[in-house]
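Just so you know, the protein sequences line up as chains S and W, in that order. Position one of the first sequence corresponds to residue 227 (our numbering), numbered consecutively onward. Position one of the second sequence corresponds to residue 35 (our numbering), numbered consecutively onward.
The set of hints was computed from the structure by calculation and includes no laboratory data. One or more of the hints may lead you astray.
[To be verified] Calculated cross-link-like contacts (lysine to any residue; reagent style SDA-like; alpha-carbon spacing at most 20 Å):
# : chain 1 : residue 1 : chain 2 : residue 2
1 : S       : K328      : S       : R308
2 : S       : K281      : W       : A69
3 : S       : K260      : W       : N84
4 : S       : K328      : S       : G306
5 : S       : K281      : W       : H115
6 : S       : K260      : W       : H115
7 : S       : K260      : S       : D350
The structure presented is a predicted model; accordingly, all values stated were derived computationally and were not measured.
Listed below, chain by chain, are the residues.
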Amino acid sequence: MPDAEASWATAVRRGTAGNFDAMNTRLAGTTYDKHLRFLNYGYEAIEGEPVPGPKLPIAFPNKDAARLVFAVVGDTDLTGARVLDVGCGRGGAVGLIARHLKPSHVTGLDLAHTSVAFAARTFDPERTAFAQGTAEQLPFPDAAFDAVFNLESSACYPSMEAFYREVARVLRPGGSFLYADLFPTAVQQPCLDALAACGLELEGERDITENVVGSRSRRAERQRIALAEASGGDLGEWVGQEGSSLFDRLEQRTAHYLALRLRRTEAEPPPGRLFAPEVAAALRATAEEAVRLLLVDES
Amino acid sequence: MTAMTRDEVLTWLRGQLVEVLEVEPDEVDFDTDFAEDLDADSIDLIEVVNNLEREFKIVIEEEELYDIATVGQLVDIVERHQARSA
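Using the sequences provided together with the hints, build the complete structure.
Structure follows, in structure tokens:
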């Protein structure tokens, strides 16, 4: 990797980790800290659609976020599976999968030390484990997992293609990659092509933009006010309230929220670049922008 | 602190719910369902539980809240903690 690219990637990673560390620090002083385990935009069932996952109790915080996890897993059977969640944040999905979907074990990996520390002290240490690391250099052996889960995280990665190669490496043949994120319309097809090139065969694709917009329309303002009252800072962009740039992008459909289910084939990823230069540039711009948008005022 | 009776805990909780959820006192009893009867959400419950932890000097784990639906079940949790620390 050329030096300039490597130092740019380091800067993006540092920015992302810094934002999440600042967010965790801000939460740490609030009454929501121990309850807040998810940092995703959530999922709302619309027009007679089934609500994904089991019925969740009233006191369960961020039910919409938990439903997004179940929606992304879909009907993939994780019974007895070794599962990896890349970009696990505060560990909500890891805990939820461990509790409800009968895997043998779930590992969460995140860039931010403070998120890993929170998750490690929150979830059952017999069924879950957490580690700090980067998505483009997963600290796990080849074919170590039956399923890799990745939710609303990949757009922040300095190299999407390095991430896809790593997913292909740590998944056993036949294993599942359960993958959801906001994809700017222009990079959507190139990402699907790159996944296919890495031996990650598309088995299911759902555009859940409307479900995510539904969740944000109904919940974001309430979450923003609660967090602002507790922490004294406005976190509108984090909760994706109406008027935030992330919300607008989804509502105007300049980005789509896709939930993908892919299966690891025997095919080995080819050498060389997976993305055309203009696509790689668009992906880099998205990662850079995410760092800027999620900046937390530490004053 | 002397352990409160179930009725005393209910009375305290009723005051909380009237304040947090702006419901009427007679809407709150042991079998009142937080979601169905009071239209509470998890953010409301976090506020109530947080005040309850402070008032009764107990720490309620997230896991204990997993299965509660009614006011009475929250009273059960307080009772369990009081018995433990008595």
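Can you give the numbers of the hints that this structure goes against, from lowest to highest?
-> 5
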